[in-house]
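Peer 1: Given next are the chains, with one letter for each unit.
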Amino acid sequence: MAKPDVPKVLTGNLLRNGATVYYTGKEWSAYVADAKVAATADEAEELRKIGAAAYAANLVIDVNVVDVQPTAEHTPAHIREVIRATGPTVRRDLNKSMSAE
Amino acid sequence: MYIYDDFDHTVAQQRVAEFRDQVGRRLKGELSEEQFRPLRLMNGLYLQLHAYMLRVAVPYGTLSATQMRKLAHIARVYDRGYAHFTTRQNIQYNWIKLEEMPDLLAELASVQMHGNQTSGNCVRNVTADHFSGAIEGEVEDPRIVSEVIRQWSTFHPEFSWLPRKFKIAVTGAEKDRAAVQWHDIGLHIVRNDADEVGYTVYVGGGMGRIPVLATKVRAFLPKPELLSYLEAILRVYNRHGRRDNIHKARIKILVRDLGPEEFIRQVEEEWEASRQSGVNLPPQEEMRIARYFELPPLEKIAGPVAAFEDAKKQNRAFAQWVATNVHPHKAPGYAIATISLKPIGGIPGDIAADQMDAVADLAERYSFSEIRASHIQNLVLPHVKQADLFAVWQALGKIGFADANAGLVTDIIACPGLDYCSLANARSIPVAQRISERFADLDRQHKIGELQIKISGCINACGHHHAGHIGILGVDKAGQEFYQLTLGGAGDETASTGQLLGPGFSSDGIVDAVEKVIDTYLDLRQPAETFITAYRRVGPAPFKEKLYGAKQ
Chain A
4 MAKPDVPKVL TGNLLRNGAT VYYTGKEWSA YVADAKVAAT ADEAEELRKI
54 GAAAYAANLV IDVNVVDVQP TAEHTPAHIR EVIRATGPTV RRDLNKSMSA
104 E
Chain B
324 MYIYDDFDHT VAQQRVAEFR DQVGRRLKGE LSEEQFRPLR LMNGLYLQLH
374 AYMLRVAVPY GTLSATQMRK LAHIARVYDR GYAHFTTRQN IQYNWIKLEE
424 MPDLLAELAS VQMHGNQTSG NCVRNVTADH FSGAIEGEVE DPRIVSEVIR
474 QWSTFHPEFS WLPRKFKIAV TGAEKDRAAV QWHDIGLHIV RNDADEVGYT
524 VYVGGGMGRI PVLATKVRAF LPKPELLSYL EAILRVYNRH GRRDNIHKAR
574 IKILVRDLGP EEFIRQVEEE WEASRQSGVN LPPQEEMRIA RYFELPPLEK
624 IAGPVAAFED AKKQNRAFAQ WVATNVHPHK APGYAIATIS LKPIGGIPGD
674 IAADQMDAVA DLAERYSFSE IRASHIQNLV LPHVKQADLF AVWQALGKIG
724 FADANAGLVT DIIACPGLDY CSLANARSIP VAQRISERFA DLDRQHKIGE
774 LQIKISGCIN ACGHHHAGHI GILGVDKAGQ EFYQLTLGGA GDETASTGQL
824 LGPGFSSDGI VDAVEKVIDT YLDLRQPAET FITAYRRVGP APFKEKLYGA
874 KQ
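So the sequence lines, in the order shown, correspond to chains A and B. Residue numbering for the first sequence follows the working numbering, beginning at 4 and increasing consecutively. Residue numbering for the second sequence follows the working numbering, beginning at 324 and increasing consecutively.
Hints are computed from structural coordinates only; laboratory data are not their basis. Note that the structure is a prediction, hence the values are computed from the model and not measured. Note that CB positions come from ideal geometry on N, CA and C, so glycine has one too. Warning: the hint list may mix true and false statements.
If we take Cβ atoms under 10 Å as the criterion, some of the chain B residues that face chain A in the derived model are [unchecked claim]: (1) L372; (2) M376; (3) P425; (4) D426; (5) L536; (6) T538; (7) E632; (8) K635; (9) I670; (10) D673; (11) G740.
In silico lysine-lysine, DSSO-like type, Cα no more than 27 Å apart, as pairs [said to hold, decoys possible]: (12) K623/B - K721/B; (13) K498/B - K867/B; (14) K99/A - K420/B; (15) K839/B - K867/B; (16) K29/A - K800/B; (17) K539/B - K498/B; (18) K420/B - K39/A; (19) K653/B - K636/B; (20) K351/B - K29/A; (21) K653/B - K571/B; (22) K498/B - K420/B; (23) K351/B - K52/A; (24) K636/B - K623/B; (25) K800/B - K770/B; (26) K635/B - K721/B.
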């Protein structure tokens, strides 16, 4: 069972173009900072259900709920997810920020 | 090089139409991801961390200038202006959109290219010596048989759903630049005592989590019997290879589990049936294909080329480039030039669209429009006049690809690693970049001599770390990137598996560790010894002592 104290966000890749996206509570954003954060195990389970439905609706693929840090930008906990959120570390010219601003 | 006939064109066009239909149905939701995934993989389309990744097949690493220009165009229009040459002589794009794939595939098909056999449990794109047809001392150009195998294996109904992927490599020279002993099947073209051409056949090599060097299953297979023998090997594998455990599904495990003797017995038994089946290629068809690989119309050039010799004397940097990046051609007055895609601090194998166009221009002007991709993630101009080498080198300097480092410490193989790959545990490219920067001094590189560093970001070993003189494997240790060091691996005719030296190093520590290994080698080497020969003489002990202290 997931620990309730580790905040989590729902992420996936858009089917049509593969872009990495995060669920905001009503839509999918390119920025992890826009993501809706699950603070409890129940909220995380709710995100999982939303992810499964979006997958079944052929909107996103490779859907996962991942750990984030309790920061304003929801910086992912694991380096793999940080790289997914921002882009390859070896091509900073192609990177995006964690937030739109 | 090989030119598609009507049959090949029809196959390519049908595949484009088929995939266009499949993508359309997927985007409309008529196909689920479970249904669609194997279909996209059959066209080389993977999902990675940031987007879809398309792997385009470069059969046996041979490209024309026209194809290179199309690859540049695709990088500009469908990707973000660059692409990546892989350790299997293929090219990958990192930012592909599914909705644009049908048009992209149609563009590829217009220059006889595709993503077939770059994924899935089929016979993958055949690889071969990147100096094929140009280097001295070959029994035969390995691209001829590679093309035969391509035609035989493409969409082969019996071998489209093997237990696991299946890689074949071919060398026609004694010096093995194709790493045949590391492949599921390795073919070494040889001549027997009766002066007949045939193959020494190796089976069951492979990297991944269980590195295995191939078993020699036949010292001499007569050339006309190749396809029936390959069919026999694949049938035994298809029948008995494990499908219950992905980690035990490669043919190397079957050879190990049956034992080499029993495996060979079964193949020979199967072969007795398959050689009667008519699959073997008629000699006239083999000759027809061979004609595509004849040498281009080279000039007859006698004696040393004065302009070339003078340029070397007058320009030390050019002479250094010639020493490492130029190999003798079998025709007098010509040379094979390696284009290093390893600029200091660069991303191994990456190439921008403008650079691709520039390489295409050079190939057209100086190398009969021919280019090769090597598994070392470099490019090759196979037929350059010695008199033109200086101009080629200068032109390469303008696009940042004139580094005189082929085969040296900064000519590093690195998989895309965690910067791109969804399977990776750690980053590979930044480690390669930092090692490259540490050893940027060209005189120091030349002093160290031949040295192959190969880096993988996970145990799947796309960066060939098991075959590196110095191998680096990235692992995830409690959420942190860690790097294990192996020493003594090789991919050539003296193939060997690198041995793990000891506990891994942090991302900060790995470059220092590599430098310590190299300094240790410089201290203990005897005259004319390369890193690998010195290592084979002294073993791991002096390196362990230097890295971990006397107690290890």
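Peer 1: Going through the numbered hints above, which ones does this structure break? Give me the numbers in ascending order.
Peer 2: 3, 4, 5, 6, 7, 8, 12, 13, 16, 21, 22, 25
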